[in-house]
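Dock chain D against chain C, hints included.
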Amino acid sequence: MRKGVAPALVLAIAAVLIIGFEFFAARNLMYKNEVLKRIGMEQEFIQALNRIEFFKRFLKTLVKLSYCEGKDLDSFKYNLAEYGKMYGLTINVMSANFRDGTIEVSLEVVAKGNFFTIKDLIDQRMSVKCD
Amino acid sequence: MKGGAWFVLAFVAVAFVSFAVGMFVSIPFLRYNLVSHIVTQIEMNKAEMALLTLLSLRENGRDYAELLAEKAMKNETMDLDEVFYEMGIECFRLYVKETNNVIDETTCNDKEETYAAMSTIPLPNKKHLTLVLEVRL
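Heads up: the protein sequence lines correspond to chains C and D, in order.
Last residue of the first sequence: number 227 in the numbering used here, and the count goes up by one each step with no gaps.
Last residue of the second sequence: number 1293 in the numbering used here, and the count goes up by one each step with no gaps.
Extracted from the complex, chain D is given alone in its bound form:
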């Protein structure tokens, strides 16, 4: 082969090997970057679903949304262990952001990541409180 042909062949070989190296090396990095992000979003959505489920429950003809709003306004606590246990959540912390009043909590010993969901509790004169549910799923 002449010099020109060798040069073209070498160039194509280098480009091909570079392409292969770049593509394969990037897979674990992509997994690391994206999977953790996706998992976080999924877990946050689960936390929101848990809060929505909690607010949808009824007890003695009263909505939990109303009950929790009342408890939040009066800085009172409420036993929710069983409710969350039935939902499959063992560790949680339900509190009011503005007053830091903890309505109920069950702490876990391990240090796994917790995810939070928030909802607005309306008050008279267009004021509001924020109900925060932190769960370890």
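One chain only, chain C, in its complex shape:
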């Protein structure tokens, strides 16, 4: 082997490994950030939908509890909004009628996140008997 070829080879291999590692790190970071961002957005969307769905499952109980605490429209709106916060939701009572032990409510349920704001309109008619 010619003099100086061996050190040159060692240097070349070291350069390949060092620069290669830089590419490796850059690619990892780039793809990882992009994929995690997309998963995060997707998760946020699913979580927002789930929050609304969990709220809906307990809607009858929530309407009953909100009404029976004060038995007037203002306290109903306030109570329902407070219960909504437990689910991470903003609740706007669009209309509410209390008549002969029956409640008719129209609600706008808003789930807000960093990437999404999901709104759902819910109508509920139910009979209520306060204990």
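A few of these clues could be false.
[What the hints assert, rightly or not] Chain C stretches covered by chain D per the calculated footprint, using a threshold of three residues with CB under 8 Å from any CB of chain D:
| no. | region |
| --- | --- |
| 1 | 106–117 |
| 2 | 127–133 |
| 3 | 139–148 |
| 4 | 194–205 |
Everything labelled a hint here was simulated from the structure, so no lab data went into it.
Ideal Cβ placement from N, Cα and C applies to all residues, glycine included.
Just chain D, lined up with the frame of chain C:
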């Protein structure tokens, strides 16, 4: 070739090989980092779906959401083995976080990872309990 040309050729060769090495070596690392993360998220979503499905069921004209809320408040248990079995879940633990009251559970012998989903049970005076479902999917 003159010295300058050799130098440029060597530089390009080193850069190309480095690029190739870096790109190919990173694939298994990316897979390891990301796939496990994605799988966890998917399994957690499945657990949430299982809890939502459970709360959507009805028995004798009553919602399971109401029934479970009642059981949670009274620290009672409820037999849910068959319900979960129909959903395709064999191992689960349904409990109330605040009181640690286990409504029902079926344990498995193996130690595979379990995933949890939570829901808020509203109580009078704006208090609440948290219903937790741990499932092994």
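Going down the list of hints, with the structure as the test:
Given a C-beta distance limit of less than 8 Å, the hint that chain D covers the region 106–117 of chain C holds, as 8 residues qualify and 3 suffice. Check on the region 127–133 of chain C: 4 of its residues sit with their Cβ under 8 Å from a Cβ of chain D, so the three-residue criterion for coverage holds. For the region 139–148 of chain C, the assignment as covered by chain D holds, since 3 residues bring a beta-carbon within under 8 Å of that chain's beta-carbons and 3 suffice. Three residues within the 8 Å Cβ limit are the bar, and the region 194–205 of chain C against chain D gives 0, so the coverage statement is violated.
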